[in-house]
Amino acid sequence: MALNLDTYLGVHADALKLQSRRMEVLADNLANVDTPNYKARDIDFRSALAAAGGAQAPVKLSTTDARHLGTDPASTADAAVKYRVPLAPSLDGNTVDAQQEQAAFADNTVRYQATLTFLSTRFKNLLTAITGS
Amino acid sequence: MSSFKIFDIVGSGLSAQSVRLNTVASNLANADSVSGDPNTVYKARHPVFQAVKAAVGQSAGAIDRASGATVRVSGIVQSNAPPAERYDPGNPLADDHGNVYAPNVNVIEEMTDMISASRAYQDNVEVMNTSKDLMLATLKLGD
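Chains as they are written, first to last, in the numbering used here: chain B, 1 to 133; chain U, 1001 to 1143.
Honestly, the hints are just simulated from the structure, not real lab data.
You may find that some hints are simply not true.
[Claimed, not checked] Partner residues are not named here, just some residues of chain U that face chain B (Cβ under 7 Å, in silico):
id, residue
1, Ala1069
2, Val1073
3, Ala1120
4, Ser1131
5, Leu1141
Every value quoted in this text rests on a predicted model; they were computed, and no experiment measured them.
By construction, the Cβ of each residue, glycine as well, lies at the ideal position given by its N, Cα and C atoms.
Use the sequences and the hints to build the structure in full.
Set out below in structure tokens:
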């Protein structure tokens, strides 16, 4: 039986892509902490991951042109990027709350590392199966 | 490669904040540079930040499409507040009425601006370090 690496890695491969995308969005927010009229954004992780296929093997749309819509988690992540609801917007129209962004970044870092650990374990299991020792 | 975009974002944040620190330093250094002419006296400078959104459809991958709002300094404006007039006839720069004009630098404002810039700079450095660590860990995946 042929091994499907996509199925074997499960949700973690998609999760890793989304988490690195979220890291970018949060870095955007922190870089623009003092930019007037900048609106803070974040990724709705649950819906992005669900759109990326979740735990089940996603049905892929065939893309024969660069402009075709795909089910690539990266493109679904773009749809899930949403503006944050500000707790205390400042007068210059900026809605970045540095503390909130730092907390979200730390949260995302831990999740990224957890996903890396999961993936690493899968690879180690595979290696054990191959070497048989 | 899109994963390295985060370094562009963080780098733009670092450079914008360091421009801001530079203007603060310039304002504080010239806080006492008096002049005999209200038009030529030093005026406080402040940078104007602007978010730069990545152009849609410019890059090949879909992942690049909505990401990347780097920051840039779109200009440095001079404050229009009137300079402080001071009677100091002993000063060699004083005008006919014995007045000198001090720059419109608000030292307290500049100090708080400096603290804010320094914190934002530290935030960006922290983001850079963390994402670098994560990227290195990703490269070692499966070890």
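Verification of the supplied hints:
| no. | hint | in the structure |
| --- | --- | --- |
| 1 | Ala1069 | 5 Å, holds |
| 2 | Val1073 | 10 Å, violated |
| 3 | Ala1120 | 5 Å, holds |
| 4 | Ser1131 | 6 Å, holds |
| 5 | Leu1141 | 6 Å, holds |
In terms of the numbered hints stated before, the structure departs from hint 2 and from no other.
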